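For reference, the chains in residue letters:
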Amino acid sequence: MQREDYQAMKPISKSAMLGIATAALMSSTAIAQQRTLNYYADFDPAPLAAFEAAIADFEAANPDIDVVLQNFDHEGYKTAIRNFLTADAPDLANWYAGNRMAPFVNSGQFMDISDVWAENGLDKSLGSALASMTIDGKQWGIPYTYYQWGIYYNKDAYKKAGVEVPATWDEFISNCAKFKAAGIDCVTTGTKALWPGAGIFDYLNMRTNGYEFHMDLTAGKVAWTDDRVKATFAEWAKLVEPGYVTANHAALEWQDAASLLVQGKAANYVMGNFAVAVFKDGGMTNDTLGFMPFPTINPDVPRAEEAPTDTVHIPAGAKNVADAKKFLAYLATADVQTKLNEALGQLPINSGSSVGDDPFLQAGFKLLSTTPGGIAQFFDRDAPAEMAKIGMEGFQEFMVKPDKVDSILARLEKARQRIYK
Amino acid sequence: MTDSAIAASAEATSVNRSYWRRNQRKLAPWLFLAPGIAMFLLYVIYPIVESMWLSFYDWDGLGAKAWIGLENYRELFDDDAFYTSLKNNILWLVLYMLAVPAGLFIALFLNQTVRGIRIYKSLFFFPFVISQVVVGLIFSWFYAPNFGLFYHLIEWLTGTGVAVLADDRYVTYGIIAAGLWPQIAYCMILYLTGLNNVSPDQIEAARLDGAKGWRMLWFVIVPQLRPATFIAVVVTVIGALRSFDLVSIMTDGGPYGSSRVLSFYMYEQALSEYGYRMGYGAAIAVVLFAIMMVFISGFIWKMVRDEQGG
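Here the protein sequences line up with chains Z and P, keeping their order. Each residue of the first sequence is one higher than the one before, starting from 2 at the first, in our numbering. Each residue of the second sequence is one higher than the one before, starting from 4 at the first, in our numbering.
It is worth saying that the hints were derived from the structure and are not from the lab. Each hint should be verified, as a subset may be incorrect.
Which bits of chain P does chain Z cover? Going by a derived footprint, with three or more residues having C-beta under 8 Å, they are [unchecked claim]:
id, segment
1, 64 to 73
2, 256 to 267
3, 278 to 288
Ranges between beta-carbon positions, derived for each pair [to be verified]:
id, chain 1, residue 1, chain 2, residue 2, range
4, Z, Asn299, P, Ile299, 39 to 49 Å
5, Z, Thr135, P, Glu276, 37 to 47 Å
6, Z, Asn84, P, Ile241, 24 to 34 Å
7, P, Ile133, Z, Pro303, 51 to 61 Å
8, Z, Ala220, P, Glu74, 18 to 28 Å
9, Z, Thr226, P, Glu78, 54 to 64 Å
10, Z, Asp89, P, Phe112, 49 to 59 Å
11, Z, Ala183, P, Phe150, 44 to 54 Å
12, Z, Gly184, P, Glu74, 45 to 55 Å
13, Z, Ala248, P, Arg218, 47 to 57 Å
A quick note: this is a predicted structure, and the numbers were derived from the prediction, not measured. We put the CB at the ideal spot given by N, CA and C, even for glycine.
Whenever a hint applies, use it, and build me the whole structure from the sequences.
Here you go:
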């Protein structure tokens, strides 16, 4: 990982030097000077193309600004950002909403951009993400995309087992028995990278105890040994104990589990919308792939959803703050978010944006825009990093050894008392 | 210029020269060592001291450091994950030692003059040439549930397959087995070169005295391989203690942290996505360093003793 960073960093210094050289050349020849805006990001190829198009539009509208996008490998970026924020900060940097940005906000590495929000009325247009962008009453970045989580299912597997798409958890569990009889895994997942298990926990907890409780738990205000947490795990045990989850999930990557769903060996998968591309690559179509919201467990709890949000921030060490703010205001507009998310295959945050006609996007848009309970970011973004890691290991262990629930929860509680202080 | 002036300057240079000349033998080694010592101080000693110093702080790598004294160590000795890692490290040390006898026997087996023996030797050496990352990937596929060769083999033998890397009972053994594969090849090559230097006279003499088989091996061959054995043990101990890459590639410490070793736990706490507890990571590094020091001092002590004896 270190080596990757080094390779990723190298072209920056080169291009930076080139930038300095051209800047010097331009000022000496006294041509109209272009201001550079350095932007560090971690896009996959498709999002990268979408952003390059958006940047080209921005440059056309602002001919005096030259946006230099430096793209990093996705995983390497998570390490690199800690180095470049302190050493050689760009003017713009990608990151995530919620507690995930808290370490950078608290250590003064991100700039307060509440003025951009206020001047452009973003608290209304980006209202659904306001809470997750706010720390200490200030806003620290601009969200440009999110995507829904839920249950993706194989319609053929449902036909084969002869069951209907469930609306409640009890129906879901009784379906599972029929799937098992038909030799199909009711729920598949691959927890080798830990996080897929956290999606199941988040939904079970939000459906059992509600959004507020889930937020309190991830914020460390509730004990993990609380009876309400145990109730969540009791619901989870209904799935794990009879063996309705894919065996050996701890050795599987999430893509391995996706191929089980594609092959019809598994019926349901609690996943984010980004998985649709993988299912379709595997040969599924809109006719065989289905999406449903996570079923109701406790009818008294308002429905809450999970929608991780991606964001752009201005580092505290940025040199060209004025233009960076101009870019963020541009990024927040309805048109730009519509275009970006069409290419990303995700959902725009701006309430004035429109959504593509992909059925899964439409379903996600309907789901999120009508959510009465609240929108969570995801366990590893809502909880601090350390708690997230220990928690997700606990979830993985529970899905292998459900009888050890008490010792797992005791361990998480011990960690909670140490981490949140 | 007067004669006296010339004489004086000549005398001055001769004084200068004579100081250099007098101490030349004393100074020269230090001058030659200076670049090495400077590098050693900068890149080895300074980081060690710095890590120890860091282990007394609470620091996320970004904000201010907070002095917390021995708090990191207190937490460490109350941390189940630390004991899991320590236990796994000991397992690695013990089981990795199998590479030494295994390497010896393969070397003995290959130490013959048959047509094309060089090809066989290089084939046996092959696992050591490929990267540890590739070894890790190959073994992950080997163990993989549903399509792995090993999984199918166990399924065929017992009826139910075992996903080695998903089961906390077997996972560490599974990774050690992957690590042994290249390590045995390494020990084998060390012994093969050692066997070239075994004196034929002594074997002849032993044969005349009626030694053969195991007795010949144990009392005549193995003692002559002592230098090779020493190096094989050293590289195996070091290999076991720095067993990071395989753990990272094959399981990422999982399932639920049961295949962690100290070096991996240190990385996780200090540098991974969910870590950034520099002080705590440094404390783990210090403990790992202390364990390594036991072996390193043992080796150094032995080498010094051998040098003085010889």
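Are there hints from earlier that the structure breaks, and if so, what are their numbers? Numbers 4, 5, 9 and 11, in rising order.
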